[in-house]
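> Listed below, chain by chain, are the residues.
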Amino acid sequence: MLGLGVNSEGWFMAPVITVEHLQKSYGHMVAVEDLSFEVEEGEIFGILGPNGAGKTTTVECVQGLRRADNGRIRVLGLDPTTEVAELRQRIGAQLQDSALPGRLKVAESLELFAAFARNRVDSDQLLTRWKLQEQRDQAFDTLSGGQRQRLFLALAFVNSPELVFLDELTQGLDPQARRATWDLIREIRRDGTTVVLVTHFMDEAEQLCDRVAVVDDGRVIAIDTPQGLIDGLGLSSVVRFTTSEPDLGWLEKLDVVESLTRNGETIEVRGTGPVLALVASELVAHGIAPLDLRIDRPTVEDAFLVLTGRRMRG
Amino acid sequence: MITIRGFLAMTRAEFRLFRREPFSIVFVLVFPLMMMLLLSAVLGNDQADAQDVANGMLVWRGVTPASYYAAASVAVIIAALGLMTLPTNLAGYRERGILRRLRASSVSVWVLVSAQLTLAMVTFVAGALIMGLVASLAYDTLVPKDLIGVMVAFVFGTAAFGALGLLLASVVRTSRSAQGIGLLLFLTMWLISGTAPPRAMLPSGLRDLGGVLPLTPLVTAVQDPWFGLGWSTTSLAILTAYTFAAGIPALWLFGRD
Ligand SMILES: Nc1ncnc2c1ncn2[C@@H]1O[C@H](COP(=O)(O)OP(=O)(O)O)[C@@H](O)[C@H]1O
Ligand SMILES: [Mg+2]
Numbered sequence: 000m001l002g003l004g005v006n007s008e009g010w011f012m013a014p015v016i017t018v019e020h021l022q023k024s025y026g027h028m029v030a031v032e033d034l035s036f037e038v039e040e041g042e043i044f045g046i047l048g049p050n051g052a053g054k055t056t057t058v059e060c061v062q063g064l065r066r067a068d069n070g071r072i073r074v075l076g077l078d079p080t081t082e083v084a085e086l087r088q089r090i091g092a093q094l095q096d097s098a099l100p101g102r103l104k105v106a107e108s109l110e111l112f113a114a115f116a117r118n119r120v121d122s123d124q125l126l127t128r129w130k131l132q133e134q135r136d137q138a139f140d141t142l143s144g145g146q147r148q149r150l151f152l153a154l155a156f157v158n159s160p161e162l163v164f165l166d167e168l169t170q171g172l173d174p175q176a177r178r179a180t181w182d183l184i185r186e187i188r189r190d191g192t193t194v195v196l197v198t199h200f201m202d203e204a205e206q207l208c209d210r211v212a213v214v215d216d217g218r219v220i221a222i223d224t225p226q227g228l229i230d231g232l233g234l235s236s237v238v239r240f241t242t243s244e245p246d247l248g249w250l251e252k253l254d255v256v257e258s259l260t261r262n263g264e265t266i267e268v269r270g271t272g273p274v275l276a277l278v279a280s281e282l283v284a285h286g287i288a289p290l291d292l293r294i295d296r297p298t299v300e301d302a303f304l305v306l307t308g309r310r311m312r313g
Numbered sequence: 000m001i002t003i004r005g006f007l008a009m010t011r012a013e014f015r016l017f018r019r020e021p022f023s024i025v026f027v028l029v030f031p032l033m034m035m036l037l038l039s040a041v042l043g044n045d046q047a048d049a050q051d052v053a054n055g056m057l058v059w060r061g062v063t064p065a066s067y068y069a070a071a072s073v074a075v076i077i078a079a080l081g082l083m084t085l086p087t088n089l090a091g092y093r094e095r096g097i098l099r100r101l102r103a104s105s106v107s108v109w110v111l112v113s114a115q116l117t118l119a120m121v122t123f124v125a126g127a128l129i130m131g132l133v134a135s136l137a138y139d140t141l142v143p144k145d146l147i148g149v150m151v152a153f154v155f156g157t158a159a160f161g162a163l164g165l166l167l168a169s170v171v172r173t174s175r176s177a178q179g180i181g182l183l184l185f186l187t188m189w190l191i192s193g194t195a196p197p198r199a200m201l202p203s204g205l206r207d208l209g210g211v212l213p214l215t216p217l218v219t220a221v222q223d224p225w226f227g228l229g230w231s232t233t234s235l236a237i238l239t240a241y242t243f244a245a246g247i248p249a250l251w252l253f254g255r256d
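So the protein sequences, as listed, match chains A and B. Just so you know, we're using numbering that gives the first Met the number 0 here: the first sequence kicks off at 0 and counts up by one. Just so you know, we're using numbering that gives the first Met the number 0 here: the second sequence kicks off at 0 and counts up by one.
Simulated from the structure, these hints should not be mistaken for lab results. Any given hint could be a false lead.
[What the hints assert, rightly or not] One side only, chain B facing chain A, incomplete, derived with CB under 10 Å:
| hint | residue |
| --- | --- |
| 1 | Arg4 |
| 2 | Gly5 |
| 3 | Arg102 |
[To be verified] Across the chosen pairs, the derived CB separations fall in these ranges:
| hint | chain 1 | residue 1 | chain 2 | residue 2 | range |
| --- | --- | --- | --- | --- | --- |
| 4 | B | Val170 | A | Thr271 | 56 to 66 Å |
| 5 | A | Asp140 | B | Val25 | 19 to 29 Å |
| 6 | A | Gln170 | B | Val170 | 29 to 39 Å |
| 7 | B | Phe243 | A | Gln132 | 23 to 33 Å |
| 8 | B | Gly61 | A | Asp136 | 29 to 39 Å |
Every residue gets a Cβ at the ideal spot worked out from N, C-alpha and C, and that includes glycine.
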C-alpha cells in the first residue's frame with residue numbers, strides 16, 4: 000500500500016501519522032536509529048518494545064515535544080516542528096513522566112488545561128468518564144497512582160483531540176484498573192479518536208491494538224496486527240493433555256502436528272493451524288476423552304522472542 | 000483570546016497554589032524586613048554627621064540609617080524574589096515534568112513564566128507596603144519624594160532580576176540546586192551592595208565588586224528618587240544591560256526541551 004486508505008465515503012485519505020526514517024540522539028547516545036511507520040485514521044496503533052527501545056523519544060518527536068535529528072514526520076497533515084501550535088490543539092497527550100503542581104486540585108487542573116483548548120470538553124463530563132468525581136477537590140499530591148493516571152487521561156482529552164498519544168498508559172495500575180482502562184480506550188476509539196498506544200506490556204498490545212509496531216534498539220522490526228505478527232512467524236501452539244494410552248503414533252501422522260513429546264502421562268503436541276480441533280476429534284475417534292485437554296496459543300511475547308532472539312526486559 | 004484566557008487561568012492557579020503554601024515566601028519577605036529593623040536598631044537613627052563622609056561619599060547618603068535601609072530593603076525584596084523564588088519554582092516545574100505536561104497541552108512556558116512574574120510582583124507590592132509601613136511607624140522614615148522615579152526603578156529592577164532568575168532556572172537541573180545557587184548569589188549581593196553595611200564602609204575591593212553586581216544599581220536607582228536626589232540614569236542603564244545580558248540567553252535556553 001502507498002499509505003493511502005479509503006474511508007467510509009470512498010475518498011482516498013492520507014494516514015493520520017507518517018514517520019519516515021526518524022533519527023534522534025541524545026549526545027552520543029542513539030535513541031532512535033531509523034524508524035518509519037504510518038497510523039491510519041480510527042485505529043489503535045501500538046508501539047511495543049522493551050524499556051529503552053526509543054518509544055517515548057519517537058512519540059515525543061511526533062508530538063513536537065522534541066526535535067528529530069533527521070527524518071520526515073507528518074501528523075494530521077502538519078509538521079510537528081513548524082506547526083506545533085496548531086498540532087497541539089488537535090492532539091491529546093498522556094506523557095510517560097510528568098506531574099502537576101502538588102497542591103493543584105483535580106477539578107482545578109482540568110479547568111486550567113481547558114483554558115488553553117480551542118474545543119474544550121466540559122470538565123464534569125471528563126470527571127465522570129474517568130471516574131474522578133470523588134477526587135475532584137483532592138490535590139494532585141494526595142492522589143493514588145491509578146487516580147493520577149486517570150487524571151492524565153482526562154487531561155489528554157480536554158481539547159477534544161482527533162488523535163491521542165498514550166505513553167505507558169497502565170503503568171503502576173493493578174490488574175483490575177488496567178482492564179477498566181482498556182475498556183475506556185476502546186470506548187474512545189468507538190467515538191472516532193485515533194489512538195497511539197506506547198507500551199512495553201505485550202498483553203496490553205495484544206488486547207487493545209489493531210496494529211502493532213514492534214520496536215527494538217531504535218528500529219521497527221515488524222508491523223502487523225497482533226495476530227498477524229504471530230501467524231506470520233508460523234509460531235506453533237501447544238496442545239496438552241494426560242492419558243495412560245501408550246501408543247499415540249497416529250496423532251503424529253496428522254498434518255497439523257509438528258511434534259509430540261511425552262513426559263509420563265503428560266502429552267504435549269506442537270502444531271499450527273486448527274491443531275486443537277483435529278487432535279481432539281482424533282482422540283475421540285480413538286476412544287480417548289481427556290478431561291484436561293487444553294491449548295496454549297502463541298502470544299505476542301513469543302513473537303517478540305523470535306523476532307529479537309531474546310525476552311523482553313522489564 | 001486563548002492566550003489571555005490561558006494567562007488568567009494560569010495566574011489564578013498560581014495564586015491558589017501560593018495561598019495553599021504561603022510559607023514558601025516567608026524568607027523573601029521576612030529576611031529584608033528583619034534586616035531593615037535590625038540594622039536600623041544597631042546603627043541608630045541619627046542624621047549622618049559631616050564626619051561620616053568617607054571617600055567623598057555620605058555614609059547614609061544624607062538621610063537617617065532607617066530611611067536608608069527602608070529604601071534599600073525594598074530593593075532587596077526584588078532581588079530575593081528574582082534570585083530565589085522564581086528560579087526555585089521554575090526549576091521545580093521543569094524537574095518534576097510539569098513543564099512538559101503543560102507544553103504538551105498547548106500551554107506555552109511563557110504563560111507560566113508570566114503568571115509566576117505576576118505573582119512575584121503582587122508579593123513584592125505587598126512586601127514593599129509592609130516594609131514602608133513598619134519603617135515609618137517604627138522609625139518615622141522618609142516617604143518617597145519622587146514616587147514615579149521609585150516605581151520606574153522597581154520596573155527596571157524587576158526586569159533585571161526576573162531575567163537573572165529565569166537564566167538561573169534555565170541552567171540548573173533541579174529545584175534544590177536553583178535554591179542553593181540562588182541563596183548564595185542573593186547573600187553575596189546583599190552583603191556587598193550597600194544593603195547590609197553601607198557601601199562607604201566597605202573596603203574598596205569589595206565595594207568595586209559590589210558595584211558591578213546588579214543589586215547595587217537597583218539600590219541606587221530606588222534610593223535616589225526616594226531621597227529626592229533625582230533619577231540615577233546610570234543605574235537604570237546598568238539594570239537594562241543586565242536585563243538583556245541575562246534575558247536573551249534565558250529566553251533561548253528556557254524554551255528549549
Ligand atoms: N532526555 C534524555 N537524555 C539522554 N538520554 C535519554 C533521554 N531520554 C531518553 N534517553 C535514552 O534514550 C533511549 C531511549 O529512551 P526512550 O525513548 O525513553 O525509550 P522507551 O520509551 O522505549 O523506554 C534510552 O536508552 C534512554 O536512556
Ligand atoms: Mg518510554
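> Could you tell me which of the numbered hints above are not met by this structure, giving the numbers in increasing order?
7 and 8
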